[in-house]
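Novice: Chain by chain, the residues:
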Amino acid sequence: MPEPVFTPVNLITGFLGSGKTTLLQRLLADPALADTAVLINEFGEVGLDHHLLERIDDTMVLLQSGCLCCTIRGELSMAIRDLHSKRERGTVPRFRRLVVESTGLADPFPILSTVQADPVLRHHFRLGNVITTVDAVNGLGQLARQVECTKQIAVADRLVLTKTDLAEAAAADALVERLGRINPSAPLWRAAEEPIDAEALLSHDLFATAGRSEAARRWFSVELGDGSAEAGDRNRHDESIHAFALAFEGPLDWTLFGLWLSMLLNRHGDRVLRVKGILNVADAAAPVAIHGVQRLVHPPVHMAAWPDDDRRSRLVFIVDGLDRGLIERSLMAFLQAGPQPPAAAFRPSLQPTL
Amino acid sequence: MCSLCGVLGGSGHWTDAAARPGIFTRNVDSPQRRRERAHRIACASRVLAYYGLTLSDWQASSFVLSTATGKTELVEDLGHLWAAAERLLGRPCDPLDPDLIVRLEGSGLHD
Numbered sequence: 001m002p003e004p005v006f007t008p009v010n011l012i013t014g015f016l017g018s019g020k021t022t023l024l025q026r027l028l029a030d031p032a033l034a035d036t037a038v039l040i041n042e043f044g045e046v047g048l049d050h051h052l053l054e055r056i057d058d059t060m061v062l063l064q065s066g067c068l069c070c071t072i073r074g075e076l077s078m079a080i081r082d083l084h085s086k087r088e089r090g091t092v093p094r095f096r097r098l099v100v101e102s103t104g105l106a107d108p109f110p111i112l113s114t115v116q117a118d119p120v121l122r123h124h125f126r127l128g129n130v131i132t133t134v135d136a137v138n139g140l141g142q143l144a145r146q147v148e149c150t151k152q153i154a155v156a157d158r159l160v161l162t163k164t165d166l167a168e169a170a171a172a173d174a175l176v177e178r179l180g181r182i183n184p185s186a187p188l189w190r191a192a193e194e195p196i197d198a199e200a201l202l203s204h205d206l207f208a209t210a211g212r213s214e215a216a217r218r219w220f221s222v223e224l225g226d227g228s229a230e231a232g233d234r235n236r237h238d239e240s241i242h243a244f245a246l247a248f249e250g251p252l253d254w255t256l257f258g259l260w261l262s263m264l265l266n267r268h269g270d271r272v273l274r275v276k277g278i279l280n281v282a283d284a285a286a287p288v289a290i291h292g293v294q295r296l297v298h299p300p301v302h303m304a305a306w307p308d309d310d311r312r313s314r315l316v317f318i319v320d321g322l323d324r325g326l327i328e329r330s331l332m333a334f335l336q337a338g339p340q341p342p343a344a345a346f347r348p349s350l351q352p353t354l
Numbered sequence: 001m002c003s004l005c006g007v008l009g010g011s012g013h014w015t016d017a018a019a020r021p022g023i024f025t026r027n028v029d030s031p032q033r034r035r036e037r038a039h040r041i042a043c044a045s046r047v048l049a050y051y052g053l054t055l056s057d058w059q060a061s062s063f064v065l066s067t068a069t070g071k072t073e074l075v076e077d078l079g080h081l082w083a084a085a086e087r088l089l090g091r092p093c094d095p096l097d098p099d100l101i102v103r104l105e106g107s108g109l110h111d
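Chains R and A supply the protein sequences, listed in that same order.
Going by UniProt numbering, the first sequence opens with residue 1, and the numbers climb by one from there.
Going by UniProt numbering, the second sequence opens with residue 1, and the numbers climb by one from there.
Pulled out of the complex, with its shape left as it was, chain R reads as follows (with noise of 0.2 Å):
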């Protein structure tokens, strides 16, 4: 039986006017995405011009009574399905990415929901990385009157600073900084300076590069490497929302770390914007990468190496006002809890330089 394929599934996010059709627009004139399929919430002033272009309507399901997991954006759920039906049916070209562009205000996650809980799009596409685009001249206001904004920003794979040259140098630099604190382990380009690599910010996401080990450790370098001291101060207290990282030793049991996960996600969902982790699990022979946003977490990926030599597990969080020493605690607590411990020496401790 052949192996099933996945069309992997980018969002564009980012607040008003900060040039999301306009990226879409130099990203589509890349011949290397040619077999590109789109989807807009709505035409803006920005002409796009390529013949794999849907629209969709924007309305949001929240069904009675329903999970945040089961969030489904019934418009975008049809909208997809009716593309894959037209590509199966032979009557579009058969394309093998699909681009969804939300508008300004919309929070991602349901977005992002959609595609992995609908229950047809889950066996035909999969998450690919989320690209948020910042306005370097009205993004530090957004940030601080928009909460959809900072969750644009936190949710993001790829960040994309658009209009760098009408802004002040000196502000470019506190946004930059400022999205550093709320999101480290998104690469940035500068979209007025720097020629898109579309290859780089559409592709190299964590599944397509899960068996690559030399793309894993720049992933993880990001937040761990250099200067965790150093981020631990970046991390203000004035500031709800912010990144930390953990290291623990000692291969972890993935059934407690489940119950763990899925009970903090369940309370506190809409307050833990990202974690992503590459796990030390017992009796698995390679290290297993985890993923989540708010309340969804994607199929744990199966690395086929460690990244380094580094063998502890590591998790980043980037989360709204919850407390990093409860969180740790907590899940130290829960890993020693088991009835029966992979290894009787086993007790994880954690680094106290991270």
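If you're looking for bench data, these hints aren't it; they were derived computationally from the structure.
Treat the hints with caution; some may be incorrect.
[To be verified] Pairwise CB distance ranges, derived in the manner of DEER restraints:
hint, chain 1, residue 1, chain 2, residue 2, range
1, R, 181, A, 20, 44 to 50 Å
2, R, 147, A, 106, 36 to 42 Å
3, R, 324, A, 42, 28 to 34 Å
4, A, 51, R, 74, 32 to 38 Å
5, A, 66, R, 190, 36 to 42 Å
6, R, 141, A, 45, 49 to 55 Å
7, R, 96, A, 20, 17 to 23 Å
8, R, 93, A, 105, 55 to 61 Å
[As the list claims (entries may be wrong)] Among chain R residues calculated to face chain A with C-beta under 8 Å, some are:
hint, residue
9, 267
10, 284
11, 288
12, 297
13, 299
14, 300
15, 302
16, 306
17, 330
18, 337
19, 339
Using N, Cα and C, we set each Cβ at its ideal position, and we do this for glycine too.
Put chain A on the given structure of chain R with help from the hints.
Specialist: Quick look at chain A alone, frame taken from chain R:
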């Protein structure tokens, strides 16, 4: 079916990911699935004991969550376990609750 929403095929918690290339799961074959269910019940019971709740297997397809007085709910997977526990208890189940953490720190490997 997602037991909260009634959506057919809605279940698909990440701890029960379908076995496919590149995905880590304990859902590969029947013995492994059964072993994982038994271990999961044992682990969850340690935490649920704090709330006076018990968890047991139901036909290797769902779990039965009960209070000490017999109030019972069927839960599909870990994604629904905590929401169901909170409904039965009428109060939140918070892993960051310092009392729960102290209780777990005091149990564990010693018994």
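Novice: Each of the hints needs a verdict: does it hold here or not?
Specialist: Structure-based check of all given hints:
1. R:181 x A:20: 44 to 50 Å: Between residue 181 (chain R) and residue 20 (chain A), where Cβ atoms are some 37 Å apart, the hint is violated.
2. R:147 x A:106: 36 to 42 Å: holds (39 Å)
3. R:324 x A:42: 28 to 34 Å: Given range 28 to 34 Å: holds, Cβ gap about 29 Å.
4. A:51 x R:74: 32 to 38 Å: holds (36 Å)
5. A:66 x R:190: 36 to 42 Å: Given a distance of about 57 Å, which is not inside 36 to 42 Å, the answer is violated.
6. R:141 x A:45: 49 to 55 Å: holds (51 Å)
7. R:96 x A:20: 17 to 23 Å: Roughly 18 Å apart at Cβ, these two residues keep to the hinted range, so it holds.
8. R:93 x A:105: 55 to 61 Å: Between residue 93 (chain R) and residue 105 (chain A), where Cβ atoms are some 58 Å apart, the hint holds.
9. 267: With Cβ-Cβ at 5 Å, under 8 Å, it holds.
10. 284: With Cβ-Cβ at 7 Å, under 8 Å, it holds.
11. 288: holds (4 Å)
12. 297: holds (4 Å)
13. 299: holds (4 Å)
14. 300: holds (4 Å)
15. 302: holds (4 Å)
16. 306: violated (14 Å)
17. 330: OK, holds: residue 330 (chain R) within 8 Å of chain A, min 5 Å.
18. 337: Holds. Min distance 4 Å.
19. 339: holds (4 Å)
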